[in-house]
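Take a look at the letters that make up each chain.
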Amino acid sequence: MHGRLIRRLFGSVMTGATYGAAALAILPLAVILAMLLVKGAGSLDWNFFTRSAVPFGEHGGGFAHAIVGTLIIVGLACAVGVPVGVSIGIYLAEFGGGQLGFAIRFIADVLNGVPSIVIGIFAWTWLVKPMGHFSALAGGVALGMILVPILARTTEEMVRLVPNSLREAALALGYPRWRTSLVVVVRTAAAGIVTGCLVAVARVAGETAPLLFTALGNQFFSTRVQGPMAALPLQVYVYALGPYDEWHRQAWAGALVLIMLVLALSLFARAVVRAKRQHA
Amino acid sequence: MTDIPATALEPELAPKPTAEERWRALRTVSRGDVIYRSLLTVLALLLPLLVVLIAVELVSNAMPAVSKFGFGFLTHSTWDPVQGQFGALPLIFGTLYSSLVALVIAVPLALACAIFLTEFAPRWLRTPVGTLIELLAAVPSVIYGLWGIFVLIPLLRDHVWKVARHALGWLPIFGGVFYGPSVLAAGVILSIMILPYIAAVSREVLLAVPPSQREAGLALGATRWETVTTVILPYGRAGIVGAVILGLGRALGETMAVTMVIGNRHEVSASLLQPGYTIAAAIANEFSEAVSDMHLSALFMVGAVLFVITILVNTLARVLVWRVARGSAVGSTAI
Amino acid sequence: MTKRIAAVLSVAAGTVLLAGSVAAQTVRLNGAGATFPQPIYQKWVLEYHNAHPTVEINYQGIGSGGGIRQFTDHTVDFGASDGPMTDAQIQAVNGDVYHLPTVLGSVVPTYNIPGVTAQLRFTGDVLAGIWLGQITKWNDSRLTALNPDANLPDQDIVVAHRSDGSGTTYIFTDYLTKVSPDWAQRVGKGTSVNWPVGLGGQGNPGVANIVKQTPGAIGYVELIYAIQNNIGYGVVRNKAGNYIQASLETTTNAAAGAVASLDPNTDFRISITDADGAQVYPISSFTWLLLPKQMTDAVKARALLEFVWWAVHDGEKFTSALAYAPLPARVVQLEEQRLKSITVNGQPVLPSNYRGR
Numbered sequence: 001m002h003g004r005l006i007r008r009l010f011g012s013v014m015t016g017a018t019y020g021a022a023a024l025a026i027l028p029l030a031v032i033l034a035m036l037l038v039k040g041a042g043s044l045d046w047n048f049f050t051r052s053a054v055p056f057g058e059h060g061g062g063f064a065h066a067i068v069g070t071l072i073i074v075g076l077a078c079a080v081g082v083p084v085g086v087s088i089g090i091y092l093a094e095f096g097g098g099q100l101g102f103a104i105r106f107i108a109d110v111l112n113g114v115p116s117i118v119i120g121i122f123a124w125t126w127l128v129k130p131m132g133h134f135s136a137l138a139g140g141v142a143l144g145m146i147l148v149p150i151l152a153r154t155t156e157e158m159v160r161l162v163p164n165s166l167r168e169a170a171l172a173l174g175y176p177r178w179r180t181s182l183v184v185v186v187r188t189a190a191a192g193i194v195t196g197c198l199v200a201v202a203r204v205a206g207e208t209a210p211l212l213f214t215a216l217g218n219q220f221f222s223t224r225v226q227g228p229m230a231a232l233p234l235q236v237y238v239y240a241l242g243p244y245d246e247w248h249r250q251a252w253a254g255a256l257v258l259i260m261l262v263l264a265l266s267l268f269a270r271a272v273v274r275a276k277r278q279h280a
Numbered sequence: 001m002t003d004i005p006a007t008a009l010e011p012e013l014a015p016k017p018t019a020e021e022r023w024r025a026l027r028t029v030s031r032g033d034v035i036y037r038s039l040l041t042v043l044a045l046l047l048p049l050l051v052v053l054i055a056v057e058l059v060s061n062a063m064p065a066v067s068k069f070g071f072g073f074l075t076h077s078t079w080d081p082v083q084g085q086f087g088a089l090p091l092i093f094g095t096l097y098s099s100l101v102a103l104v105i106a107v108p109l110a111l112a113c114a115i116f117l118t119e120f121a122p123r124w125l126r127t128p129v130g131t132l133i134e135l136l137a138a139v140p141s142v143i144y145g146l147w148g149i150f151v152l153i154p155l156l157r158d159h160v161w162k163v164a165r166h167a168l169g170w171l172p173i174f175g176g177v178f179y180g181p182s183v184l185a186a187g188v189i190l191s192i193m194i195l196p197y198i199a200a201v202s203r204e205v206l207l208a209v210p211p212s213q214r215e216a217g218l219a220l221g222a223t224r225w226e227t228v229t230t231v232i233l234p235y236g237r238a239g240i241v242g243a244v245i246l247g248l249g250r251a252l253g254e255t256m257a258v259t260m261v262i263g264n265r266h267e268v269s270a271s272l273l274q275p276g277y278t279i280a281a282a283i284a285n286e287f288s289e290a291v292s293d294m295h296l297s298a299l300f301m302v303g304a305v306l307f308v309i310t311i312l313v314n315t316l317a318r319v320l321v322w323r324v325a326r327g328s329a330v331g332s333t334a335i
Numbered sequence: 001m002t003k004r005i006a007a008v009l010s011v012a013a014g015t016v017l018l019a020g021s022v023a024a025q026t027v028r029l030n031g032a033g034a035t036f037p038q039p040i041y042q043k044w045v046l047e048y049h050n051a052h053p054t055v056e057i058n059y060q061g062i063g064s065g066g067g068i069r070q071f072t073d074h075t076v077d078f079g080a081s082d083g084p085m086t087d088a089q090i091q092a093v094n095g096d097v098y099h100l101p102t103v104l105g106s107v108v109p110t111y112n113i114p115g116v117t118a119q120l121r122f123t124g125d126v127l128a129g130i131w132l133g134q135i136t137k138w139n140d141s142r143l144t145a146l147n148p149d150a151n152l153p154d155q156d157i158v159v160a161h162r163s164d165g166s167g168t169t170y171i172f173t174d175y176l177t178k179v180s181p182d183w184a185q186r187v188g189k190g191t192s193v194n195w196p197v198g199l200g201g202q203g204n205p206g207v208a209n210i211v212k213q214t215p216g217a218i219g220y221v222e223l224i225y226a227i228q229n230n231i232g233y234g235v236v237r238n239k240a241g242n243y244i245q246a247s248l249e250t251t252t253n254a255a256a257g258a259v260a261s262l263d264p265n266t267d268f269r270i271s272i273t274d275a276d277g278a279q280v281y282p283i284s285s286f287t288w289l290l291l292p293k294q295m296t297d298a299v300k301a302r303a304l305l306e307f308v309w310w311a312v313h314d315g316e317k318f319t320s321a322l323a324y325a326p327l328p329a330r331v332v333q334l335e336e337q338r339l340k341s342i343t344v345n346g347q348p349v350l351p352s353n354y355r356g357r
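Residue numbers (the numbering used here), protein chains in the order written: chain G, 1 to 280; chain P, 1 to 335; chain X, 1 to 357.
Hints are computed from structural coordinates only; laboratory data are not their basis. Misleading hints may appear alongside valid ones.
Within a straight-line C-alpha distance of at most 20 angstroms, the following computed EDC-like cross-link-like pairs (lysine to aspartate or glutamate) qualify [said to hold, decoys possible]:
{"#": "1", "chain 1": "G", "residue 1": "K129", "chain 2": "X", "residue 2": "D73"}
{"#": "2", "chain 1": "P", "residue 1": "K162", "chain 2": "X", "residue 2": "D156"}
{"#": "3", "chain 1": "X", "residue 1": "K212", "chain 2": "G", "residue 2": "E246"}
{"#": "4", "chain 1": "X", "residue 1": "K212", "chain 2": "P", "residue 2": "D158"}
{"#": "5", "chain 1": "X", "residue 1": "K340", "chain 2": "X", "residue 2": "D96"}
{"#": "6", "chain 1": "P", "residue 1": "K162", "chain 2": "X", "residue 2": "D154"}
{"#": "7", "chain 1": "X", "residue 1": "K239", "chain 2": "X", "residue 2": "D182"}
{"#": "8", "chain 1": "X", "residue 1": "K340", "chain 2": "X", "residue 2": "D314"}
{"#": "9", "chain 1": "X", "residue 1": "K340", "chain 2": "X", "residue 2": "D267"}
{"#": "10", "chain 1": "X", "residue 1": "K239", "chain 2": "X", "residue 2": "D125"}
{"#": "11", "chain 1": "X", "residue 1": "K137", "chain 2": "P", "residue 2": "D158"}
{"#": "12", "chain 1": "X", "residue 1": "K43", "chain 2": "G", "residue 2": "E58"}
{"#": "13", "chain 1": "X", "residue 1": "K212", "chain 2": "G", "residue 2": "E58"}
{"#": "14", "chain 1": "G", "residue 1": "K129", "chain 2": "P", "residue 2": "D293"}
{"#": "15", "chain 1": "X", "residue 1": "K212", "chain 2": "G", "residue 2": "D245"}
{"#": "16", "chain 1": "X", "residue 1": "K43", "chain 2": "G", "residue 2": "E246"}
{"#": "17", "chain 1": "X", "residue 1": "K317", "chain 2": "G", "residue 2": "E58"}
One-sided and incomplete, this derived list gives chain G residues near chain P with beta-carbon spacing under 7 angstroms [said to hold, decoys possible]:
{"#": "18", "residue": "I26"}
{"#": "19", "residue": "P28"}
{"#": "20", "residue": "L29"}
{"#": "21", "residue": "D109"}
{"#": "22", "residue": "V114"}
{"#": "23", "residue": "P115"}
{"#": "24", "residue": "V118"}
{"#": "25", "residue": "P176"}
{"#": "26", "residue": "W178"}
{"#": "27", "residue": "A209"}
Computed from the model, here is a short list of chain G residues facing chain P with C-beta under 10 angstroms [as the list claims (entries may be wrong)]:
{"#": "28", "residue": "A30"}
{"#": "29", "residue": "A205"}
{"#": "30", "residue": "L234"}
Quantities reported herein were computed from a predicted structural model and do not represent experimental measurements. All residues carry an ideal CB built from backbone N, CA and C; glycine is no exception.
Produce the entire structure from the sequences given, and follow the hints as far as they go.
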């Protein structure tokens with residue numbers, strides 16, 4: 001009989017171990033967030049949001065150029081990546097049952113695993129080298145290329161959630177297939193698609209590697225998309241590697257702004273998606 | 001809603017269709033449908049086109065290095081831009097070594113988390129904990145790197161190693177002077193970054209195991225833990241292996257966090273405490289500064305190697321996961 | 001409601017983008033390259049922009065190697081390097097390049113040894129030995145012989161070097177090649193070498209950071225980076241046998257000999273490391289801007305040349321605050337000639353009687 005007791009005891013211990021594992025997994029997240037707040041919050045002053053870079057070692061600089069740069073570059077990425085990615089997602093959900101659909105789905109998953117630095121050097125050969133200079137445009141397109149396969153899959157998931165009865169009802173009422181798809185199905189899934197976009201945007205907003213050889217960075221405040229532009233993660237990277245305490249201080253602040261942006265988008269999107277899934 | 005045909009609402013008004021007409025009506029596809037479907041298909045074909053273009057671009061730019069060095073490129077260790085000698089062995093070794101360390105740390109933890117979330121966690125805890133674990137994947141790489149430089153490395157070097165040195169310092173795997181930036185630091189950060197992917201996919205795999213299996217195990221007298229180890233895990237074995245391989249794929253391509261903590265040294269060393277280099281980190285550091293065409297070509301070559309490896313690894317992962325959790329958007333939904 | 005918000009946002013975004021692109025007659029120049037002179041270049045760019053607001057110059061410090069690369073690829077308007085282009089590299093641009101010196105600077109061995117505040121003495125041999133991995137501990141006999149009063153601890157030396165293509169590396173290895181036959185044979189000189197040991201850092205700031213963060217570390221950086229970050233740096237023995245600290249005077253003295261015998265047709269690719277003279281700092285160097293001899297855009301060319309003219313004349317007054325040495329007058333004289341000979345479509349950009357803005 002005590003064999004069973006040992007087995008149950010072991011089971012309890014292992015159960016406790018899984019609790020411990022979950023706690024251990026969350027620990028780095030808590031520590032990182034705490035550090036960002038502690039080290040970065042104090043530096044989020046007026047200068048930080050309104051001024052751009054100052055020469056090495058001087059004080060009073062800020063991240064204005066980087067924050068605006070990220071907004072512009074991510075905006076470009078969306079302009080490029082959202083229409084294409086969402087369309088491919090609709091294709092996969094509506095017409096993707098056959099072999100071609102299978103292949104495209106597979107390739108989308110595979111593309112999601114391609115390191116972003118490889119996308120970066122590809123964008124360099126296609127956009128920077130021929131144009132002859134670095135540009136925010138090249139950076140935006142590079143990030144857009146990362147967006148497309150992510151959006152394809154999330155959109156597919158969201159469109160699939162629309163019940164078939166809705167499609168059948170529209171078709172029965174005489175709507176052609178394309179109108180059913182666009183007006184009825186997609187409109188129903190719109191909220192889910194938009195939140196999928198938000199999560200994907202949060203992910204690419206934090207990408208640094210593809211911007212290293214495309215947008216390059218800029219010490220001046222610039223909104224010119226045909227030229228180099230600063231970006232938030234890029235600026236954090238450069239400042240983190242430098243020796244100046246002034247830079248480190250700003251890097252923590254910049255990282256805090258970045259994580260707040262990313263988390264806000266992710267959490268909001270997640271909440272909406274969960275609500276949709278429960279109602280579907 | 002103005003274009004619902006009147007005949008749909010009042011069928012008695014329409015002239016009775018012939019068999020021919022009825023047949024044709026069923027087969028009619030409106031022009032709008034054709035355009036719509038063609039447009040979407042063309043867009044969808046952009047994906048395979050992109051893959052092909054990337055492959056072509058990488059390979060063609062790598063050709064100069066390939067023709068000069070041949071496959072010896074992958075087995076030599078000297079990376080000397082001055083002399084024009086490029087051996088990628090340290091890069092490949094470092095990429096694999098750091099990913100291995102990451103897997104060793106992350107896999108047991110991630111699996112335990114997945115089991116926790118599907119089996120043992122009280123219902124009210126499942127969503128919050130699951131969300132928190134998935135949020136690990138949302139943190140940008142550069143922030144992990146920042147934390148790595150200023151928190152993890154000093155912690156490892158000045159506190160953990162000071163203590164562990166006496167017990168472990170004699171092992172070759174912990175040999176040499178510990179500067180801080182090292183394969184170990186990179187492996188630890190990578191493990192934190194890949195854990196959410198392995199955990200999320202494993203969770204989906206475990207959820208896909210039919211409840212009947214679980215119930216059968218319990219009915220036969222197994223404790224809950226035993227059911228997990230003897231029934232559920234073996235059932236989802238393929239998918240879990242796929243999850244692990246997916247995590248590997250992520251670790252292989254990670255750039256920013258790695259280059260900030262690994263020490264950036266073209267050297268093969270068995271010791272975890274020594275600096276190393278990965279393909280992605282080398283490209284990040286050297287690409288915009290490669291002065292000679294051969295240097296640039298060598299970087300394209302290692303980029304091509306990385307591209308091929310990650311495609312193979314991810315393909316394998318997806319095949320394995322789809323066996324158990326059909327068609328799930330494996331790790332693709334940006335978590 | 002959402003539509004209205006979206007409309008307002010897009011109009012706002014469009015206006016911002018448009019404004020950015022069409023700002024009245026602003027001339028934008030892009031340059032990239034060495035981190036060695038980056039502090040002074042950043043200062044110049046800012047001061048010049050304040051004085052002439054229509055000119056905006058974006059300089060990215062990506063290392064001399066990167067500067068040469070970008071210049072060769074024509075992805076920037078000018079490059080910057082403290083490792084002069086090799087003959088092969090010059091041939092790759094068909095000789096269409098001027099090396100224009102801007103300032104004189106010095107490379108110092110900088111270190112972080114807990115408990116040691118004294119300024120350490122180094123010789124070329126010892127520096128080579130450290131970077132060759134032959135001297136591995138701070139209390140090695142060769143170091144204690146030079147610094148008997150410094151209480152050097154029994155601690156491992158953590159060597160730092162550049163991971164990117166670097167002119168600072170070129171200057172440092174150029175010096176080591178001259179003073180150590182062992183180094184010359186095993187490693188040689190260049191913007192990027194096969195380092196026997198050490199950690200790699202990106203740019204001068206990266207190496208300074210490694211030294212600052214790692215107890216027991218030693219690295220080589222341009223003087224201003226050691227000063228700005230409060231990390232100790234040593235004195236180096238010169239050819240005459242004196243232990244000299246890097247400074248304005250000692251750096252200027254290093255160039256004196258070379259400048260005195262300057263050929264009027266020089267291409268300025270002169271090395272002044274390990275120079276003769278009593279009060280000479282042995283690891284000094286010019287740093288150059290790389291400009292094409294024939295440019296294509298007249299407006300940009302004019303703006304760029306006016307900036308460079310200003311830099312080597314008025315700009316030199318900012319150098320001492322940042323621990324760089326100004327250019328000798330003879331060098332500036334010859335440079336004026338080079339600047340005036342740069343053409344667009346065969347026409348010189350600057351008038352022959354140009355005196356500056």
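For this session: Output the numbers, in ascending order, of every earlier hint that fails for this structure.
Result: none
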